[in-house]
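Using the sequences and the hints given, assemble the complete structure.
What follows is each chain in one-letter form.
Number of protein chains: 6
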Amino acid sequence: MIEHFINETITYDGTQLSSLWAFRNFGWQGDSIVSFRGPCRVNLTEMVDLEDVRKDSPIYSTDMLHFIAEHFELDLEKTIFRQRLLIAIIKDVIENTADIKLLRSGDDLYYGEKKLSVSIATLSPVSSMIHTGLNITSKDVPVAAVGLVELGIAENQVAHLGEHICSLYTRECRDIRLARCKVRGVK
Amino acid sequence: MIEHFINETITYDGTQLSSLWAFRNFGWQGDSIVSFRGPCRVNLTEMVDLEDVRKDSPIYSTDMLHFIAEHFELDLEKTIFRQRLLIAIIKDVIENTADIKLLRSGDDLYYGEKKLSVSIATLSPVSSMIHTGLNITSKDVPVAAVGLVELGIAENQVAHLGEHICSLYTRECRDIRLARCKVRGVK
Amino acid sequence: MIEHFINETITYDGTQLSSLWAFRNFGWQGDSIVSFRGPCRVNLTEMVDLEDVRKDSPIYSTDMLHFIAEHFELDLEKTIFRQRLLIAIIKDVIENTADIKLLRSGDDLYYGEKKLSVSIATLSPVSSMIHTGLNITSKDVPVAAVGLVELGIAENQVAHLGEHICSLYTRECRDIRLARCKVRGVK
Amino acid sequence: MIEHFINETITYDGTQLSSLWAFRNFGWQGDSIVSFRGPCRVNLTEMVDLEDVRKDSPIYSTDMLHFIAEHFELDLEKTIFRQRLLIAIIKDVIENTADIKLLRSGDDLYYGEKKLSVSIATLSPVSSMIHTGLNITSKDVPVAAVGLVELGIAENQVAHLGEHICSLYTRECRDIRLARCKVRGVK
Amino acid sequence: MIEHFINETITYDGTQLSSLWAFRNFGWQGDSIVSFRGPCRVNLTEMVDLEDVRKDSPIYSTDMLHFIAEHFELDLEKTIFRQRLLIAIIKDVIENTADIKLLRSGDDLYYGEKKLSVSIATLSPVSSMIHTGLNITSKDVPVAAVGLVELGIAENQVAHLGEHICSLYTRECRDIRLARCKVRGVK
Amino acid sequence: MIEHFINETITYDGTQLSSLWAFRNFGWQGDSIVSFRGPCRVNLTEMVDLEDVRKDSPIYSTDMLHFIAEHFELDLEKTIFRQRLLIAIIKDVIENTADIKLLRSGDDLYYGEKKLSVSIATLSPVSSMIHTGLNITSKDVPVAAVGLVELGIAENQVAHLGEHICSLYTRECRDIRLARCKVRGVK
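Chains as they are written, first to last, in our numbering: chain A, 23 to 209; chain B, 23 to 209; chain C, 23 to 209; chain D, 23 to 209; chain E, 23 to 209; chain F, 23 to 209.
Any given hint might turn out to be false.
As the list makes no split between identical chains, a pair holds if one copy fits it or if it spans any two.
What the hints assert, rightly or not - SDA-like cross-link-like pairs, simulated, lysine to any residue; straight-line CA separation at most 20 Å: (1) Lys100 to Asp197; (2) Lys209 to Glu73; (3) Lys209 to Ser127; (4) Lys123 to Thr159; (5) Lys209 to Leu66; (6) Lys209 to Thr33; (7) Lys100 to Lys123; (8) Lys137 to Asp197; (9) Lys209 to Leu96; (10) Lys161 to Val70; (11) Lys100 to Thr37; (12) Lys209 to Ile175; (13) Lys77 to Gln51; (14) Lys137 to Arg196; (15) Lys209 to Glu68; (16) Lys77 to Gly52; (17) Lys123 to Leu66; (18) Lys161 to Gly49; (19) Lys209 to Gly52; (20) Lys209 to Gln51; (21) Lys161 to Val75; (22) Lys123 to Ala166; (23) Lys161 to Val171; (24) Lys77 to Glu95; (25) Lys77 to Gly36; (26) Lys137 to Pro61; (27) Lys77 to Arg193; (28) Lys137 to Asp121; (29) Lys209 to Met69.
Read the hints as simulated data drawn from the structure, not as lab findings.
Quick look at the structure:
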């Protein structure tokens, strides 16, 4: 599994959530998690979460830490388990980094009542994909929100945070594949 | 999905990790998570984790809070994702209940250097199964360990803790199944 | 699993056979079977059954009782088994309601030589889908056909018939999921 | 897919419901449905349906028409769909042969309140398997039952009935596999 | 499984690698391998192999023996195993026909340093698909290449070669399905 | 994926074809191919190929080069594709090493009429497994056979041959997994 932090500003507009985005753009081939920083502006027409479309809730944030994961398998339920585990990993990392307490509710992270994250998981024709974005600042976010900076994480720590999360997710996915290979069946 | 706390002492000896244990013994039919309290004594011949067998590490604890989950599907990797998420849920519940900080490392929970839990996931001929046990006391545990009581959880809270964890796991599994049903595919 | 009869006239033109149609339009989330009444006009460009396209047989009926089922899984063979069972359920209900004898041949229902139904099953990017339509009248149907009314079912029974079929299909799908959870494996 | 009626009396005692029974005993290799006639005596220790074990309901019939189907796939839910469709086929054939009306309730067939059939579906290590048995006579059956002979089917028609049902089931399974190969996907 | 050699010149431009191409155009329904002869001109916009797109390597050949295989299942890894086996079969047939020695490297065939073939495998919404093309002449091929004729295979043998390869592939796929049905499981 | 040649004589008696054999005995965890040298004596009771059991053909060879592959997935058809590709790889390696011509027929290798190999693929409760054995000498083999030594391969080359085949198989399996991750879907 491949992990990368991209050191350039990329606006997440939903088009990054398409199959082989990491391979097309960077040549990274295989299951991957890629992180980068940039604004988040997803129009209703690009939105994948039809619940948000139904509620007419476009996704917007001035500055986010993004994660795009791609796994070359077609089981959406398993992908959502992967997504929830990624959120649990992010929670642990931020709690430890900022010495605060967050709440995970499904695929959302909250600090008190304030939303820190957006996330979605879906299928492409050849793979399954996850997007997770963490507000860096809550400025202009259209819901009650909080950003990493407001939680006490310095701007210049953000890239490292992205790398660290990618690294832990990759390690856990590998570890889970390996854990299949040490148990006998039961009756 | 079915959830139950069994209000009687049951010794976990590994035979509970077999297909349809909840149905055979209690008539509970379907995907389930069941919790109970009791000692843990698994002989090498009953052990499912062959890594522990290779290391000659039998599992022993005087008093544990046990969870047995069964899902009627045959994808072991997905089951291990379920297991990791269950551990993440348990971590959140105990941290909030005892106002402490735990560390999750794969399917293990630690308080500092001390091990709080054991866990394994495997396949039966018709289902996949998870066992997780939390020490209630570390007394006589053959490794550096900690128990719920030593973390400040009262003996009489243990049953409620078991019920609450079953309830959160069940809710999350349901929520994940539902989350499959709101996204369009991407390119 | 969700079941609904929609109390408005909807023309089935093939666009209803697309992923999350029930969720996009009505907010019903999850595996579902939805029934409604309306004309059926599917142009060749919208047709999913390429056998009909090859034979240049557009589908047309003045008034039909429609069923749209969606299951969030990607096994087309299993979906066709579901479809055949739905047809078998419809056969039983109509035979009992009208006290007549129908013939099921694959996914088609006949009264003597006259065709009562059309049906197709296919995959979407995130789910599998079934459409089944029962002629209410055979008027203007371009093949030898029969309608529910001509079989003795009153116009004002049609909605109830739709509801009843949705209910039996939902019950059987649930019952089948449960039946997985009571058998031990064999050698 | 292979279909055979075995022209000898075989007592169904549950051991026939094991993988490759048709291949081991008759050399028939591949997905198959095999029919034969004989008593039915399944001890509790051999029973696969743990619901019956829980209810302490051994299965017994003096003379039955049996069907054993084996499909080399490991999806139990799909197998139960196959089983239900087999029961629907049997219902149609008997209704047409005896000019009567039966009731299918899940995997059971009834004539009024009287039970005509037993059936179970499960997994083996390499395949999925179905057993269905139809009472030829209700004599000594430990529940309110009816037999084919009492429905007006002559003793000497039973073998032909078995062959005909095998043939229709085989044809439908083949037809379903083929129906996967004529539809385009939808959005 | 269906096999056909089409006795007309067809230019392979990538549009043949789409679901149900054999059914739409020829009415052949089911898993299939179809062979024909014609030029190969695939523009970058039609290319499926994004590695070639990244390298800006369009595929071109004046005259090729083509194979299009379609299997109605959605496991891309299994399809690539099928593809590799098809290449191994082609290697054996050409080696025996021309009494030469080829090298298989993944999905490519070489005669010394010269490339004989192109091949790709991918998913459609309802099936998996393979294209393999063998140069008949290396004239104008944009890489170091060799053609069947240059290997000593006569022009008028090419159609027979295509038929023979289709036949061996079909036989091996059938044989593999059957080989599933003769083994007991192990511990 | 793990590859190893074991430098000790092991008699293959069928018990090596069981889940996690490489992990239990050598601690090698994960998908693997392991090679070793030793006699082959499989009693009918240990045989997995019921076709051989039906023919009463026990497997015997004085000295063989063995391969045991294990893949932690439960798709037997895919495993047989893997097996066939392994045989194709072995064919290429031996042809190139000994400068001879072999014939692959399914999972068998022949030199003229003489059989060089035995092979079987099956499922365990948690994985799929392949055994392939190549005669080193044909002495005492109960069918018309040939051994590697008689094909001109020196005794002291055998270990290297085993290593080389393991290495090529591992590389191809990895390459196939990677090839999934470079193609866009088609219509």
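Hints and how they fare:
1. Taking the shortest alpha-carbon separations for Lys100 and Asp197, both the intra-copy value of 16 Å and the inter-copy value of 13 Å come in at or below 20 Å.
2. In this homomeric assembly, Lys209 and Glu73 come within 20 Å of each other (Cα to Cα) only across copies, at 18 Å, whereas the closest approach inside a single copy is 42 Å.
3. In this homomeric assembly, Lys209 and Ser127 never come within 20 Å of each other (Cα to Cα): the closest approach is 35 Å inside a single copy and 28 Å across copies.
4. Taking identical chains as interchangeable, the C-alpha atoms of Lys123 and Thr159 lie at most 20 Å apart only when both belong to the same chain, with a minimum of 18 Å there against 26 Å between chains.
5. For the homomeric pair Lys209 and Leu66, the shortest alpha-carbon distance between copies (16 Å) is at most 20 Å, but the shortest distance inside one copy (50 Å) is not.
6. For the homomeric pair Lys209 and Thr33, the shortest alpha-carbon distance between copies (19 Å) is at most 20 Å, but the shortest distance inside one copy (52 Å) is not.
7. Neither within a single protomer nor between protomers do Lys100 and Lys123 lie at most 20 Å apart by alpha-carbon distance, with minima of 27 Å and 28 Å respectively.
8. In this assembly of identical chains, the alpha carbons of Lys137 and Asp197 lie at most 20 Å apart only when taken from different copies (19 Å versus 30 Å within one copy).
9. Proximity of Lys209 and Leu96 under a CA criterion of 20 Å is satisfied inter-copy only: 13 Å between copies versus 29 Å inside one chain copy.
10. Neither within a single protomer nor between protomers do Lys161 and Val70 lie at most 20 Å apart by alpha-carbon distance, with minima of 24 Å and 42 Å respectively.
11. Neither within a single protomer nor between protomers do Lys100 and Thr37 lie at most 20 Å apart by alpha-carbon distance, with minima of 23 Å and 28 Å respectively.
12. Taking identical chains as interchangeable, the C-alpha atoms of Lys209 and Ile175 are never at most 20 Å apart, the minima being 50 Å within one chain and 35 Å between chains.
13. Within a single copy, Lys77 and Gln51 get their C-alpha atoms only as close as 36 Å, which misses the 20 Å cut-off; across copies the closest is 14 Å, which meets it.
14. Proximity of Lys137 to Arg196 under the C-alpha cut-off of 20 Å is found in neither arrangement, the shortest distances being 30 Å within a copy and 22 Å between copies.
15. For a Cα distance limit of 20 Å, the shortest separation of Lys209 from Glu68 across copies, 11 Å, qualifies, whereas the shortest one inside one copy, 48 Å, does not.
16. For the homomeric pair Lys77 and Gly52, the shortest alpha-carbon distance between copies (18 Å) is at most 20 Å, but the shortest distance inside one copy (35 Å) is not.
17. In this homomeric assembly, Lys123 and Leu66 never come within 20 Å of each other (Cα to Cα): the closest approach is 32 Å inside a single copy and 40 Å across copies.
18. For the homomeric pair Lys161 and Gly49, neither the shortest alpha-carbon distance inside one copy (34 Å) nor that between copies (31 Å) is at most 20 Å.
19. In this homomeric assembly, Lys209 and Gly52 come within 20 Å of each other (Cα to Cα) only across copies, at 17 Å, whereas the closest approach inside a single copy is 36 Å.
20. Taking the shortest alpha-carbon separations for Lys209 and Gln51, only the inter-copy value of 17 Å comes in at or below 20 Å, while the best intra-copy value is 39 Å.
21. Taking the shortest Cα distances, Lys161 and Val75 never come within 20 Å of each other, neither inside one copy (23 Å) nor across copies (40 Å).
22. With identical chains, the CA atoms of Lys123 and Ala166 are at most 20 Å apart within one copy only, with a shortest distance of 17 Å there and 27 Å across copies.
23. For the homomeric pair Lys161 and Val171, the shortest alpha-carbon distance inside one copy (11 Å) is at most 20 Å, but the shortest distance between copies (44 Å) is not.
24. In this homomeric assembly, Lys77 and Glu95 never come within 20 Å of each other (Cα to Cα): the closest approach is 30 Å inside a single copy and 26 Å across copies.
25. For a Cα distance limit of 20 Å, the shortest separation of Lys77 from Gly36 inside one copy, 18 Å, qualifies, whereas the shortest one across copies, 26 Å, does not.
26. In this assembly of identical chains, the alpha carbons of Lys137 and Pro61 lie at most 20 Å apart only when taken from the same copy (16 Å versus 42 Å across copies).
27. In this assembly of identical chains, the alpha carbons of Lys77 and Arg193 never lie at most 20 Å apart, being 36 Å within a copy and 23 Å across copies at closest.
28. With identical chains, the CA atoms of Lys137 and Asp121 are at most 20 Å apart within one copy only, with a shortest distance of 17 Å there and 22 Å across copies.
29. With identical chains, the CA atoms of Lys209 and Met69 are at most 20 Å apart between copies only, with a shortest distance of 12 Å across copies and 45 Å within one.
Of the numbered hints given earlier, the model fails hints 3, 7, 10, 11, 12, 14, 17, 18, 21, 24, 27; all others are met.
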